[in-house]
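Each chain, written out:
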Amino acid sequence: MKFIPAAVAAAVVVVLPFFLSGYHQGLAVYVALYFVAILGLNILTGYTGQISIGHGGFMAIGGYTTAVLSHYEHWNLILTLPASLGVCFLVGIFVGVPALRLSGVYLALVTFGFAVSVPQLPLKFSKFLGGSNGLHTDHTVTHLWLYVVSWSCAGIAFLLAWLLLRGRTGRAFRAVRDSEVAAASSGIALPIYKTLAFGVSGAFAGVAGSLLVLATNGFAQPSEFTVLVSLQILIGAAVAGLGSLWGVVVGAVFIGLLPSISASVPLIGSSHGQDVVFGLIVILVMLLLPNGVAGLLRGFEPRFKTAIKPGP
Amino acid sequence: MTALAQRIGSMRKSAVSTGGSIPVVLFLLAAAAFLVIGSLSSDIFAQQTVAGLAQGAIFGSLALALVLIYRATEVINFAQGELAMATTYIAYQLTLWGLSYWLAFFLTLPIALVLGMAIQVVLIRPVQHSIIAVVIVTVGLFILIDGIVTWVWGADLKFMDAPFGNTVYHAGGVAFSRQDIGVLAVSILSVIVLWFLFQFTKIGLAMRAAALRPAAAALVGVRVNWMLAIGWGLAAVLGAVAGLMTEPTQFLQPTMMQAILLYAFAAAVLGGLESPAGAVIGGLSLGVFLNLIGQYIGVATPELRLPIAFLVLLLVLLVKPTGLFGRKQVRRV
Numbered sequence: 001m002k003f004i005p006a007a008v009a010a011a012v013v014v015v016l017p018f019f020l021s022g023y024h025q026g027l028a029v030y031v032a033l034y035f036v037a038i039l040g041l042n043i044l045t046g047y048t049g050q051i052s053i054g055h056g057g058f059m060a061i062g063g064y065t066t067a068v069l070s071h072y073e074h075w076n077l078i079l080t081l082p083a084s085l086g087v088c089f090l091v092g093i094f095v096g097v098p099a100l101r102l103s104g105v106y107l108a109l110v111t112f113g114f115a116v117s118v119p120q121l122p123l124k125f126s127k128f129l130g131g132s133n134g135l136h137t138d139h140t141v142t143h144l145w146l147y148v149v150s151w152s153c154a155g156i157a158f159l160l161a162w163l164l165l166r167g168r169t170g171r172a173f174r175a176v177r178d179s180e181v182a183a184a185s186s187g188i189a190l191p192i193y194k195t196l197a198f199g200v201s202g203a204f205a206g207v208a209g210s211l212l213v214l215a216t217n218g219f220a221q222p223s224e225f226t227v228l229v230s231l232q233i234l235i236g237a238a239v240a241g242l243g244s245l246w247g248v249v250v251g252a253v254f255i256g257l258l259p260s261i262s263a264s265v266p267l268i269g270s271s272h273g274q275d276v277v278f279g280l281i282v283i284l285v286m287l288l289l290p291n292g293v294a295g296l297l298r299g300f301e302p303r304f305k306t307a308i309k310p311g312p
Numbered sequence: 001m002t003a004l005a006q007r008i009g010s011m012r013k014s015a016v017s018t019g020g021s022i023p024v025v026l027f028l029l030a031a032a033a034f035l036v037i038g039s040l041s042s043d044i045f046a047q048q049t050v051a052g053l054a055q056g057a058i059f060g061s062l063a064l065a066l067v068l069i070y071r072a073t074e075v076i077n078f079a080q081g082e083l084a085m086a087t088t089y090i091a092y093q094l095t096l097w098g099l100s101y102w103l104a105f106f107l108t109l110p111i112a113l114v115l116g117m118a119i120q121v122v123l124i125r126p127v128q129h130s131i132i133a134v135v136i137v138t139v140g141l142f143i144l145i146d147g148i149v150t151w152v153w154g155a156d157l158k159f160m161d162a163p164f165g166n167t168v169y170h171a172g173g174v175a176f177s178r179q180d181i182g183v184l185a186v187s188i189l190s191v192i193v194l195w196f197l198f199q200f201t202k203i204g205l206a207m208r209a210a211a212l213r214p215a216a217a218a219l220v221g222v223r224v225n226w227m228l229a230i231g232w233g234l235a236a237v238l239g240a241v242a243g244l245m246t247e248p249t250q251f252l253q254p255t256m257m258q259a260i261l262l263y264a265f266a267a268a269v270l271g272g273l274e275s276p277a278g279a280v281i282g283g284l285s286l287g288v289f290l291n292l293i294g295q296y297i298g299v300a301t302p303e304l305r306l307p308i309a310f311l312v313l314l315l316v317l318l319v320k321p322t323g324l325f326g327r328k329q330v331r332r333v
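Listed in order, the protein sequences are those of chains A and B. The numbers in my numbering rise by one with no breaks, and the one at position 114 of the first sequence is 114. The numbers in my numbering rise by one with no breaks, and the one at position 245 of the second sequence is 245.
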């Protein structure tokens, strides 16, 4: 019974490209890559309780890894994906180390600084990384290729996350989230699990960044990885609701499709209407669903866990 | 999520107030002495220091706006910079209608107050029990305000009259622009007025009480919700000042406050997020530091200004995890 939703979702993803035009396949690619990124953020924030608003930084590193390997070394594009997974895992662990000393808002703003700083580096090292013009992969790919690859990544990421979170590691993550002191007293090594969560989370975001570069005709540019990308992933995670794998699907669809839907609303008759509509919808969704889709789903579950209602 | 929010809440409740510790104060005094000696011995150094202070005063006032909201509601307001930008555009519109710069300036402040309060009442209050939801609403506001301003006024550069003229003063071999001095004076003055309001008026006392112990404040008759709304209003006023003081150097465009907001984040965290004085000192130090680094260290090209700011932030936080003036946190198990 547990696997029915997953099987249905997989079937939809497999059948869908036969009914979609190239443009809509392109949109579906964005949904897939945001899915991977939000999943990463959810592992870190939703399951381990470490707040990050810096996932755009990991995406930038992943994206540039793909571009560099393809541009200079002419790697097969698919092989660059595990490469950026590895690179971003290491960077994630590196970022996770200072995070051991920080918590809450302080941690959030340091990660935000990370997201702001990374896209400045290609501007500084413009000879190697192409400056504001960006770096191009040595060839581009079709919509269908990208659709298949990105949704395969999404499937693998979902499977990895599920395997990681269901067992010993997942229990340790949740224990760290719920109470660090209690987790440490039960023998959970806080430094290891916190940095591990950062590494895994960063690795997922890195793959999403690689996919983003491939989806933008193979261009890695600083302007693709602005602060707004980090904020969008945060919006997606909040819409998804933290700590639920299924909510992530809704969050990814939300930020993957909403910009193009709000662009088609003939409200103002100019391209700036898009931001107005997008901002309004984000605010409205939060006012209606402050705990995200996960909160909505949880509303249907029997509540045997909380005999005493938690305060505000 | 509520569990997390609750934990953050209980951590705050059991925080111990320490104020600025002695090593921090000594360190800042040493830095100030270094700046004074440097300025006396080198003209360029003095010039860069004053320009840095003017820039830092803007960081500081926006950082103070962030701190005001953080103290009251425990959230980082991502829309603070865009709100400042929008109110600057309102002032611009007033000058287009024929008002003088300073008349427009003083008319914009009450408009900003009402705007900030309205946002708190309409958008923030309904979700204020969930920290994440509030943060996302401010992110949505960021996008919304950006869209509205671009829609109404367009994305191209706009210019206002120079509020302080273009006079340059010479003292010895050092050139000070009247604009830098003016920006510094206005920013510092607005901070002092605000401090006065908080420290010596009844409403200021009520606001501090509402921020520190909402339940207890409500029991003694403080209207906590209104105090939170006024907090947002005052933050918007400070933001408007910051925006109007940014305009002479950056000119008007929808993105004008985005980088400044990031420096203000860094300044606020540097100062400890809970401490108004810390935010101002954090802003001033960051402004001066970045200017001097840019002048004397070759690697620190403009592209690296932001990374350097956050690197400094990281280093400070590694030594003092709650910022220079932050409170020590005692965790309840």
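No wet-lab data here; the hints were simulated from the structure. Just so you know, not all the hints are guaranteed correct.
Chain A stretches covered by chain B per the calculated footprint, using a threshold of three residues with CB under 8 Å from any CB of chain B [what the hints assert, rightly or not]:
(1) 10-17
(2) 83-92
(3) 287-295
What follows is a list of derived Cβ distance ranges for each label pair [as the list claims (entries may be wrong)]:
(4) A:Gly26 / B:Arg223: 39 to 45 Å
(5) A:Arg101 / B:Phe34: 24 to 30 Å
(6) B:Thr255 / A:Ala10: 38 to 44 Å
Bear in mind the structure is a predicted one, so any value in this text is a computation, not a measurement. Using N, Cα and C, we set each Cβ at its ideal position, and we do this for glycine too.
Results of checking the hints against the structure:
Coverage of the stretch 10-17 of chain A by chain B is violated [criterion: at least 3 residues with CB-CB distance below 8 Å; count 0]. Given as covered by chain B, the stretch 83-92 of chain A fails the check, having 0 residues with a CB less than 8 Å from a CB of that chain where 3 are the minimum. Residues of the stretch 287-295 of chain A with a Cβ under 8 Å from some Cβ of chain B number 4, which satisfies the need for three, so the listed coverage holds. Between Gly26 of chain A and Arg223 of chain B the beta carbon distance is about 52 Å. The supplied range of 39 to 45 Å is therefore violated.
Against the hinted window of 24 to 30 Å, the Cβ-Cβ separation of Arg101 of chain A and Phe34 of chain B comes to about 28 Å, which satisfies the hint. Between Thr255 of chain B and Ala10 of chain A, the C-beta spacing of about 42 Å keeps the proposed range 38 to 44 Å intact.
Violated hints for the displayed structure, listed by number in ascending order: 1, 2, 4.
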